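Between the sequences and the hints, there should be enough to build the whole structure, so can you do that?
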Amino acid sequence: MTSTFLNRENTVASPGYNRFLVPPAALAVHLSIGQAYAFSTFNLPLTKLIGITHSVSGDWSQKDVVWIFSIAIAFLGSSAALFGRWVETVGPRKSMFTAAVCFSGGFIVSAFGIHLHQLWLLYLGYGVLGGCGLGIGYISPVSTLIKWFPDRPGMATGMAIMGFGGGALIAAPLSILLMSHFKTAASNGVLETFVTMGVIYFMFMMIGVYAVRVPAADWKPAGWVPPSRPSPLVTSADVTVDMAWRTPQFWLLWMVLCMNVTAGIGVLGVASPMIQEVFGGRVAPAAAAGFVGLLSLFNMGGRFVWATASDYMGRRNTYMVFFLLGILLYSTVPTLGHLGSIALFVAAFCIILSMYGGGFSTIPAYLRDIFGTLHVGAIHGRLLTAWSAAGVLGPMLMSYIRDYQIGHGVPKAQAYSVTMYIMCGLLLVGLLCNFAMRPVADKYHYHGGDRS
Amino acid sequence: MKTRLVILWLAVGIPLAWGVTQTLHNALKLFR
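Heads up: the sequence lines are chains U and P, in that order.
Once you know that position 368 of the first sequence is 368 in this note's numbering, the rest is easy, because the numbers rise by one and skip nothing.
Once you know that position 9 of the second sequence is 9 in this note's numbering, the rest is easy, because the numbers rise by one and skip nothing.
Some clues are possibly wrong.
Stated by the list, open to error - Straight-line distance between alpha carbons at most 25 Å, and here's what the computed BS3-like set of lysine-lysine pairs gives:
| hint | chain 1 | residue 1 | chain 2 | residue 2 |
| --- | --- | --- | --- | --- |
| 1 | P | K29 | U | K412 |
| 2 | U | K48 | U | K183 |
| 3 | U | K63 | U | K48 |
| 4 | P | K29 | U | K220 |
| 5 | U | K220 | U | K63 |
| 6 | U | K63 | U | K443 |
Because the hints were derived from the structure by calculation, they are not lab data.
All of these numbers come straight from a predicted model, not from anything done at the bench.
Now the structure itself:
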């Protein structure tokens, strides 16, 4: 019965189905898994499980706890790459259900790990199981949305991927609220919060499982006619996921995503100490936390705005804007710091973070333009390995160069300047890769009959 | 169909609006 409900053939929409019912289904999943961005709210409480108010002997260290998030992100990238083909085959409902079971199950296994005080169970629970839920959940609705919105693929995927950014905005205050609600003299409330969040997120993701539909094979939006002379960078052919790997276009897009994400993720990781150190004494820790919140809002908003704009500007032009404007802003930031202009400094980083989010949300539509719709979800899954690579590269570059500078006598307020210029270099590499993008050669196109 | 559309959008919109409000409240500390 359950299996029948989850099967792809039972998710085909009936004639007259309103396609605007599908984006909230995708949002229900992305808003849930976006919790991952707010996992750091648990880092400190997890180091005080025994001591409750402070860490005591036997409590886990911060160094060990941060691995939970790192493992989850590593498994996000690898599961998206590994299960992309399966997601395409079984359809969005079964894959969303699997994502819900993995993601929520990750919380429950982790809660059990807290109960037994076994850190490896958190690595396995939230890290491995939850990470697989993140990866499968992230790519589940992508190709479905692209098929429902052939006229506005950027807007449709932008709406869903905006949810991933928005998920952190919900999860951070929710985690704090739940921990303070469950806090007692004997517990700091993390265990109970994990169980509650596991249940809440499972139910919320079920909204997506219930509501998602795929369009019939011959469905088109009413009155929409595919352009007779599309742009050279918008294909009407298809490339399979196994063939896409072998094209230079896949690796150019991999570099485009990796460079764009590396630049943004490096800033996100150090935003709070950076603004405090650059404007030494003028920005209090509470105000710096406000800066991080503002960046999260622009990260989320940029996902929808830029992806929607890409439907009008074209995908390659949108990334050109990301890289050119990014280079301009990153190279100006050190001057803004020296001038002591907090408002302009904040404004520059808000635009940078909007383009970081925009890079994530525009890439599915760019893949659709280059490789067609046949395996776009699976190809997207494989491209997300660029995110995993950037997740290591960005923060590492940022902190390593800063420490090197301070170690060589550079004042803290100026230690970020060199990093900004290095980010410009990365964006230049991305710009060149994007500039080199050409249509996929015909020899890579799929000409077979079986489109499963 | 329209009722379902409204309910679904509210189901995802309300938590998102709550999260945005909370974050915005926090972000405003930067300008105080």
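Outcome of the hint check:
1. K29/P x K412/U: holds (24 Å)
2. K48/U x K183/U: Answer holds: K48/U to K183/U is near 12 Å, not above 25 Å.
3. K63/U x K48/U: Holds, at about 13 Å.
4. K29/P x K220/U: Roughly 48 Å between the alpha carbons, so the hint for K29/P and K220/U is violated.
5. K220/U x K63/U: Violated, because 52 Å separates the two Cα atoms, which is more than 25 Å.
6. K63/U x K443/U: violated (50 Å)
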